[in-house]
Amino acid sequence: MDKFTQKWVQHLRNTSRQGTPPRNARCPLCEAGFEPNLEAFKAHVRSNALQHPTLTEDSDLEEAFQSILLQELDANKAVGSTAKPSMDKQSGCLTAGKRPISANAEEGDTAGDELDRLKLESDERASSPRESKRLCSPPASITQQHGSSSPPPTSSRSKAQRKNSLDEFDRGIRLRNQTARRLWVPEDDRRAVLSQGGSKPIQTRHSHGQSASSSTPHRVSSQHDKQPQSGPQCLMSNEPAWSPVRLQMPHQPITRPITRDQLLSEVKGIYTGLVMLEAKCIEYDTSLRTVTLNDNQYHALISLHQSLLHEHHDFYLASQHPAACDALQRIGAKYAMPARMWRHGIHSFLELLRCKLPESQEYLLAFIYTAYSMMTLLTETVPRFQATWIECLGDLGRYRMAIEDTNNVGNRELWTNVAHYWYTMASDSMPMTGRLYHHLAILARNNMLRQLFLYAKSLCAQIPFPGARESIMTLFKPVMYPSSSLQQHSDVVNIAFVRVHAILFSGQQMDQLEESMDQFLDSLDSRIGTARSSWIESGYNIGISLCCLLLGYGDKSSVLMRAFSIPSGDDDDENEEPPSNDADAIALSESKFESAISFAEMTYDIVIRRWNDKNTLPFLHTILAFYFAMSKRPEAMKLVEDRFPWKLASLRLNYLLKTSEFPPRINTTDFPGPEKKEPPHPLPEDYAMYGLIYTLTYFPQGWFNNDKIETDEKYFERPSTMLKRCERILWIARMLARQKKWLLWDEGTEMFSVTEKYDIEI
Numbered sequence: 001m002d003k004f005t006q007k008w009v010q011h012l013r014n015t016s017r018q019g020t021p022p023r024n025a026r027c028p029l030c031e032a033g034f035e036p037n038l039e040a041f042k043a044h045v046r047s048n049a050l051q052h053p054t055l056t057e058d059s060d061l062e063e064a065f066q067s068i069l070l071q072e073l074d075a076n077k078a079v080g081s082t083a084k085p086s087m088d089k090q091s092g093c094l095t096a097g098k099r100p101i102s103a104n105a106e107e108g109d110t111a112g113d114e115l116d117r118l119k120l121e122s123d124e125r126a127s128s129p130r131e132s133k134r135l136c137s138p139p140a141s142i143t144q145q146h147g148s149s150s151p152p153p154t155s156s157r158s159k160a161q162r163k164n165s166l167d168e169f170d171r172g173i174r175l176r177n178q179t180a181r182r183l184w185v186p187e188d189d190r191r192a193v194l195s196q197g198g199s200k201p202i203q204t205r206h207s208h209g210q211s212a213s214s215s216t217p218h219r220v221s222s223q224h225d226k227q228p229q230s231g232p233q234c235l236m237s238n239e240p241a242w243s244p245v246r247l248q249m250p251h252q253p254i255t256r257p258i259t260r261d262q263l264l265s266e267v268k269g270i271y272t273g274l275v276m277l278e279a280k281c282i283e284y285d286t287s288l289r290t291v292t293l294n295d296n297q298y299h300a301l302i303s304l305h306q307s308l309l310h311e312h313h314d315f316y317l318a319s320q321h322p323a324a325c326d327a328l329q330r331i332g333a334k335y336a337m338p339a340r341m342w343r344h345g346i347h348s349f350l351e352l353l354r355c356k357l358p359e360s361q362e363y364l365l366a367f368i369y370t371a372y373s374m375m376t377l378l379t380e381t382v383p384r385f386q387a388t389w390i391e392c393l394g395d396l397g398r399y400r401m402a403i404e405d406t407n408n409v410g411n412r413e414l415w416t417n418v419a420h421y422w423y424t425m426a427s428d429s430m431p432m433t434g435r436l437y438h439h440l441a442i443l444a445r446n447n448m449l450r451q452l453f454l455y456a457k458s459l460c461a462q463i464p465f466p467g468a469r470e471s472i473m474t475l476f477k478p479v480m481y482p483s484s485s486l487q488q489h490s491d492v493v494n495i496a497f498v499r500v501h502a503i504l505f506s507g508q509q510m511d512q513l514e515e516s517m518d519q520f521l522d523s524l525d526s527r528i529g530t531a532r533s534s535w536i537e538s539g540y541n542i543g544i545s546l547c548c549l550l551l552g553y554g555d556k557s558s559v560l561m562r563a564f565s566i567p568s569g570d571d572d573d574e575n576e577e578p579p580s581n582d583a584d585a586i587a588l589s590e591s592k593f594e595s596a597i598s599f600a601e602m603t604y605d606i607v608i609r610r611w612n613d614k615n616t617l618p619f620l621h622t623i624l625a626f627y628f629a630m631s632k633r634p635e636a637m638k639l640v641e642d643r644f645p646w647k648l649a650s651l652r653l654n655y656l657l658k659t660s661e662f663p664p665r666i667n668t669t670d671f672p673g674p675e676k677k678e679p680p681h682p683l684p685e686d687y688a689m690y691g692l693i694y695t696l697t698y699f700p701q702g703w704f705n706n707d708k709i710e711t712d713e714k715y716f717e718r719p720s721t722m723l724k725r726c727e728r729i730l731w732i733a734r735m736l737a738r739q740k741k742w743l744l745w746d747e748g749t750e751m752f753s754v755t756e757k758y759d760i761e762i
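Be aware that the sequence shown starts at 1, since it is given in UniProt numbering, and climbs by one per residue.
There's no promise every hint is true.
Mimicking EDC-like on lysine to aspartate or glutamate, the simulated pairs with C-alpha atoms at most 20 Å apart in a straight line are [what the hints assert, rightly or not]:
#, residue 1, residue 2
1, Lys42, Asp58
2, Lys647, Glu750
3, Lys477, Glu514
4, Lys638, Glu590
5, Lys42, Glu63
6, Lys42, Asp60
7, Lys714, Asp428
8, Lys632, Asp670
9, Lys658, Asp613
10, Lys740, Glu635
Computed Cβ-Cβ distance ranges for the label pairs, DEER-style [what the hints assert, rightly or not]:
#, residue 1, residue 2, range
11, Asp759, Glu713, 42 to 48 Å
12, His310, Asp670, 49 to 55 Å
13, Lys632, Glu675, 24 to 30 Å
14, Pro322, Arg738, 48 to 54 Å
15, Ser471, His321, 36 to 42 Å
Worth flagging that the hints you see were computed from the coordinates, not collected in a lab. Backbone N, C-alpha and C fix where the C-beta goes; we use that ideal spot for every residue, glycine too.
Work out the full structure: start from the sequences and follow the hints.
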């Protein structure tokens, strides 16, 4: 029985050595089979060009076909080029051409044997399972070498044992030599990386060089087969892992630009809803003033006005869209949409809630914060009306300050500073608008001189704010009818100065005018001496207020304002209002002007006589700038030229020339701006005078365009500021001396003098 079994096994092994029938070649890129001829290979490649991106030319096809044939030949040699089968004497098994492994490791070339075994291992993995069964178990000498008494292993166990022995001594040579003598190219690494998410088994560099004649699809090592396949998109795709389509970056989603007709239709739809909400807000804000509201009604009103604000925001975004035409972008300004939003969406509702205080305190605060947030958003998203949004933010801050409890001084001061910040920013962008100075004056309640200056500037600005004539009385009435508390907590000198303005502005309490003038003039010199540098700001506030007083606070019926309105030269005067024919009004106006010019003349004399006090130079600068503007209007200059102390001023100017630390630039008609192409740095009083009706031509173009100067730095007195101020004063005096009517300039002595008319004893 044993002999029969041995012969049967030998018969099976001899049968397995017979050559396999010829089969088709396989493409190494797509694993598809084709007949082993060049024309069949070309037809196969052209039928699926996406999976063969590198095979486009005939030369590439021929080279690839030759490579496939060589790989087929190598695979056949690895299987069929073994020597004549011989029987191992120790084991009695067929060795299939393998050299017996000697028990002595030093005999023969062990490195070559190892490489041969690795090559054979690679060929076995590339062959079919049927062919792999030809290999017999290792000879018994190996078992005897390790001292094992176990029976000879089966074929499958012998393969596992051989694999383990190879892995034990493997140092990466097996992987490097599995390429079947194919040179490495960078394309292999790229394909290996892309194949990680593919629908086919994961490819490595050595897997591409395996025999194309192998009939088994399992060409990858077991450790790679265990790796999970990722990428759901790759699993669903029929494209190869290295397809050029997979290498393209995903594009941005396609968006269709909106047309002008679509944008116009959108704006119309938004405006229709906006008008409906606006009408509802107007109706409720008017009808509910005398009605007691509950919580639900307050919430409904807040939601209604909030919806109106959102509709306005949508309207601005649509009308200011980059695709909008110029006419559509101007529609917001044409129909005063920002003003409508403030009037109907915010201000009227704030007034309604204010009338119902203190019950509406909580809702008033909530809506102020809501409106404040919306305005802040508009400043960022709709910059076309940024000046309006900034002013609205200041109004909301002032409203928040006004409703704050008087006992909570900290919060009140906080919101005062917030409103002041926004109003100052708005006035910097719109310096000609008097309304903004009126708002700043309301916030300056703790500084009477500054509040007077701001009210006066709002009335004498190039775009005056008539509403300030009513608001200024909140400053004037307490000083005309003083209380004991006012006398205790305020400066007597400043109160006297403000009272003079109050009497001349209102025409009331005229019997107190002389007393108030004397009280101020008698204390002015000592006040300047004790105040020292703090009188710098007070000086230009007093100087500008006196100039506005002479102009009748912008009243067109005042004496000097009528003369100043007469244009110089041949300018057209068709738009000027005719003078009033009321004799009583003219007489009253002339009387007020005479009192004002007398008060100003005495103030000039006291301040200019302080020769070595540089703190009075801002006052002198503002007065000379006013007379420089009047000199360009001959009719106006006739009214004030004889009431200025020119002789005293010339002596003060000569003193400034002697004490100047550097030669002033006064022999030129160009404004003494910065040197060496430096950015302009205006004086503190320049910002105070900017926007007044008589300083329109005083400052050069772009004088206030230095964005690097912060708001807090504008009124900061630097060490070099006084030197620039002295140069400016001397330049104005030199410009007046060019007309040779009031001041004279001696080129030889480089000194100022006066004309014979004003050369008087002082």
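Each hint tested on the structure:
no.: 1; hint: Lys42 with Asp58; in the structure: holds, 8 Å
no.: 2; hint: Lys647 with Glu750; in the structure: holds, 16 Å
no.: 3; hint: Lys477 with Glu514; in the structure: holds, 18 Å
no.: 4; hint: Lys638 with Glu590; in the structure: holds, 14 Å
no.: 5; hint: Lys42 with Glu63; in the structure: holds, 11 Å
no.: 6; hint: Lys42 with Asp60; in the structure: holds, 10 Å
no.: 7; hint: Lys714 with Asp428; in the structure: holds, 11 Å
no.: 8; hint: Lys632 with Asp670; in the structure: holds, 16 Å
no.: 9; hint: Lys658 with Asp613; in the structure: holds, 14 Å
no.: 10; hint: Lys740 with Glu635; in the structure: holds, 17 Å
no.: 11; hint: Asp759 with Glu713: 42 to 48 Å; in the structure: holds, 43 Å
no.: 12; hint: His310 with Asp670: 49 to 55 Å; in the structure: holds, 53 Å
no.: 13; hint: Lys632 with Glu675: 24 to 30 Å; in the structure: holds, 27 Å
no.: 14; hint: Pro322 with Arg738: 48 to 54 Å; in the structure: holds, 52 Å
no.: 15; hint: Ser471 with His321: 36 to 42 Å; in the structure: holds, 40 Å
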